[in-house]
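Here's the letter readout for the chains.
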Amino acid sequence: MGVSIEVDKLNAWFGKTQALYDITMKVAANHATAIIGPSGCGKSTFVRCLNRMHETVPEARAAGSVHIGELNVYNGSSAVQIRRRIGMVFQKPNPFPTMSIYDNVAAGLKLNGYNNRKKLDEIVERSLKLSALWDEVKDTLRKKSGASLSGGQQQRLCIARALAVEPEVLLMDEPCSALDPISTGKIEELIYQLKERFTIVIVTHNMQQAYRVAEFTGFFLLGKLIEFDKTEKIFTTPSDKRTEDYITGRFG
Amino acid sequence: MPGPQPGAKSEVALSLEVNAPPLRSSRYSPLGDQIFTWAMLACGLCVLALVGLIIYELVTKSSNSWHAFGMNFFFRSEWDPVNEQFGAFPFVYGTIVSSLLALVIAVPLAIGVAVFITEMSPGWLRSPLAFTTELLAAIPSVIYGLWAIFVLVPLIREYVEPFLARHFGWTGLFEGPAYGIGMLAAGVILAIMVVPIVSSITREVMTAVPRQQREAVLALGATRWEMIRTGVLRNARAGIMGGIILGLGRALGETMAVTMVIGNRPEIAKSLFAPGYTMASVIANEFSEATSDRYLSALVEVGLALFIVTIIINMLAQVLVWTVTRGTPARANV
Numbered sequence: 009m010g011v012s013i014e015v016d017k018l019n020a021w022f023g024k025t026q027a028l029y030d031i032t033m034k035v036a037a038n039h040a041t042a043i044i045g046p047s048g049c050g051k052s053t054f055v056r057c058l059n060r061m062h063e064t065v066p067e068a069r070a071a072g073s074v075h076i077g078e079l080n081v082y083n084g085s086s087a088v089q090i091r092r093r094i095g096m097v098f099q100k101p102n103p104f105p106t107m108s109i110y111d112n113v114a115a116g117l118k119l120n121g122y123n124n125r126k127k128l129d130e131i132v133e134r135s136l137k138l139s140a141l142w143d144e145v146k147d148t149l150r151k152k153s154g155a156s157l158s159g160g161q162q163q164r165l166c167i168a169r170a171l172a173v174e175p176e177v178l179l180m181d182e183p184c185s186a187l188d189p190i191s192t193g194k195i196e197e198l199i200y201q202l203k204e205r206f207t208i209v210i211v212t213h214n215m216q217q218a219y220r221v222a223e224f225t226g227f228f229l230l231g232k233l234i235e236f237d238k239t240e241k242i243f244t245t246p247s248d249k250r251t252e253d254y255i256t257g258r259f260g
Numbered sequence: 002m003p004g005p006q007p008g009a010k011s012e013v014a015l016s017l018e019v020n021a022p023p024l025r026s027s028r029y030s031p032l033g034d035q036i037f038t039w040a041m042l043a044c045g046l047c048v049l050a051l052v053g054l055i056i057y058e059l060v061t062k063s064s065n066s067w068h069a070f071g072m073n074f075f076f077r078s079e080w081d082p083v084n085e086q087f088g089a090f091p092f093v094y095g096t097i098v099s100s101l102l103a104l105v106i107a108v109p110l111a112i113g114v115a116v117f118i119t120e121m122s123p124g125w126l127r128s129p130l131a132f133t134t135e136l137l138a139a140i141p142s143v144i145y146g147l148w149a150i151f152v153l154v155p156l157i158r159e160y161v162e163p164f165l166a167r168h169f170g171w172t173g174l175f176e177g178p179a180y181g182i183g184m185l186a187a188g189v190i191l192a193i194m195v196v197p198i199v200s201s202i203t204r205e206v207m208t209a210v211p212r213q214q215r216e217a218v219l220a221l222g223a224t225r226w227e228m229i230r231t232g233v234l235r236n237a238r239a240g241i242m243g244g245i246i247l248g249l250g251r252a253l254g255e256t257m258a259v260t261m262v263i264g265n266r267p268e269i270a271k272s273l274f275a276p277g278y279t280m281a282s283v284i285a286n287e288f289s290e291a292t293s294d295r296y297l298s299a300l301v302e303v304g305l306a307l308f309i310v311t312i313i314i315n316m317l318a319q320v321l322v323w324t325v326t327r328g329t330p331a332r333a334n335v
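Chains as they are written, first to last, in this note's numbering: chain A, 9 to 260; chain B, 2 to 335.
Treat the hints with caution; some may be incorrect.
[What the hints assert, rightly or not] Below, simulated EDC-like cross-link-like pairs (lysine to aspartate or glutamate); rule was C-alpha separation at most 16 Å, straight line: (1) A:K118 x B:E176; (2) A:K137 x A:D147; (3) A:K194 x A:E176; (4) A:K118 x A:E174; (5) A:K126 x A:D111; (6) A:K100 x B:E227.
Hint data in this document are derived by calculation from the structure and do not stem from the laboratory.
Bear in mind the structure is a predicted one, so any value in this text is a computation, not a measurement.
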């Protein structure tokens with residue numbers, strides 16, 4: 009089951025440049041929340057702060073409070089611990105090229121010390137079914153490398169890899185921006201089903217996508233959260249002029 | 002610049018085409034390209050010719066000893082210039098054992114150096130460290146040899162060999178008198194010379210592993226070590242193997258430093274404390290004293306043996322790389 013995320017006064021920097029200013033928002037459990045905004049507005053930085061991936065960039069740091077379920081992300085838990093409970097899917101599909109499809113999905117479990125062969129088989133199958141890739145790869149699970157799949161399949165493989173460890177939250181950083189419309193459609197459909205089991209935060213460049221998959225939408229501009237509301241409301245009657253300008257395509 | 006009227010667009014384009022000077026047809030001449038092609042072909046053929054000539058020389062100049070000993074030359078242990086009895090086996094053995102010993106010591110060290118430089122060292126220390134490692138590769142081998150005689154050999158004699166004999170003597174690899182000079186010293190000095198090669202290549206391929214791969218592992222909740230192992234070393238392994246092969250090549254052919262510390266005795270002993278001899282060393286040491294035709298011819302045949310051993314080991318290494326990287330796409334073999 010998914011858990012809710014509470015972000016309070018989150019600030020982030022790259023060296024001396026501030027990338028996020030006092031972000032405060034509450035992400036509801038078992039729903040999809042979209043983060044939209046023009047390039048460079050801090051939306052990727054925001055999701056990367058949720059699982060502390062932001063600080064893996066040299067000289068980058070973040071401050072503020074983030075609670076994911078009962079976990080206090082920036083106080084009292086280690087980054088490794090947090091990342092084991094939060095799955096992440098990146099902009100560019102990044103399967104491990106030296107591993108088979110099976111090993112790609114099992115990678116996170118093996119890091120967690122799972123060795124039971126039967127259990128692994130089960131979880132790999134379930135994860136690949138969840139990510140709607142099973143039928144396409146079940147005959148070549150151990151023979152083919154993760155990198156031999158098409159771009160859309162690779163991204164679904166990465167989703168399966170993230171889901172295999174049964175995270176409570178799934179972060180998706182523009183998961184469809186490198187994909188064709190058909191693969192994009194498959195992944196959106198997937199998001200729709202996955203939110204029954206996980207809390208999903210999806211960064212997207214594509215406003216229609218946000219509208220299609222998310223119940224809540226946050227609009228970022230220049231590192232600030234301008235507006236956060238029900239998707240319906242953001243796209244029909246936004247309360248901020250800047251949101252309206254962006255939604256209607258006046259800039260961005 | 003004011004844009005043309007929509008109606009006039011095609012006309013403008015048309016007139017441009019007509020007035021454009023025929024640049025391509027006047028400047029292009031196939032001759033330059035042909036000369037380039039032939040010149041590059043000549044360069045490529047040079048390499049083949051060079052190898053061909055080397056083989057030809059080695060084979061013809063060693064015919065005397067070949068006729069006397071035949072195939073047995075490579076498996077005989079006798080090396081007696083006075084009675085003109087020659088066999089290359091102790092040299093082949095010495096070369097292979099000292100090189101492998103060097104790799105056993107050097108490879109973990111070199112990979113450790115590369116991992117520290119690329120993944121863990123603070124930014125200000127990174128380039129001085131990388132520079133110093135590469136500097137090690139530029140030191141002439143005779144300097145390494147001298148250093149080994151005055152510093153390394155006494156150290157090995159006084160501390161390392163007694164220690165090894167006490168704790169690992171039961172393996173049989175570390176027994177007999179501790180001279181300092183011998184196979185162990187040769188292996189260690191070769192290892193020091195091989196480390197910079199292996200580690201700088203490892204560093205290059207590790208840096209080439211894309212950041213997305215590291216992030217993929219980190220996001221799964223990997224510790225730093227797990228990230229380096231799964232996200233970096235695993236992706237870089239083909240390149241690292243390449244670096245090890247280059248290092249092995251250096252160790253097999255190294256002459257001066259090894260000659261100065263290996264003891265130069267054509268014997269085969271199980272103990273690494275015992276002196277030995279390598280193919281490169283025997284050629285360098287005895288070439289000027291080889292007075293008889295058969296002696297000279299035997300030395301050339303040792304050279305031929307070195308050539309063959311190098312080729313065989315390189316082929317084995319290629320097979321190894323191929324088995325390790327089989328099934329992975331070219332993208333991983335950065």
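Pair hint A:K194 and A:E176, alpha-carbon separation not exceeding 16 Å:
With Cα atoms ~22 Å apart, A:K194 and A:E176 exceed 16 Å; violated.
Below or equal to 16 Å on CA atoms is what counts here, so check A:K137 against A:D147.
Holds. A:K137 to A:D147 sits at ~14 Å (cutoff 16 Å).
Is it true that the CA of A:K100 sits at most 16 Å from the CA of B:E227?
With Cα atoms ~22 Å apart, A:K100 and B:E227 exceed 16 Å; violated.
Starting from A:K118, check that the Cα of B:E176 is at most 16 Å away, please.
The given pair, whose Cα atoms are some 44 Å apart, is violated under the 16 Å limit.
Given the hinted pair A:K118 and A:E174, is their Cα-Cα distance within 16 Å?
13 Å, holds
A:K126 paired with A:D111 [C-alpha distance capped at 16 Å]:
With Cα atoms ~14 Å apart, A:K126 and A:D111 stay inside 16 Å; holds.
Violated hints, in rising order: 1, 3, 6; the structure is consistent with all others.
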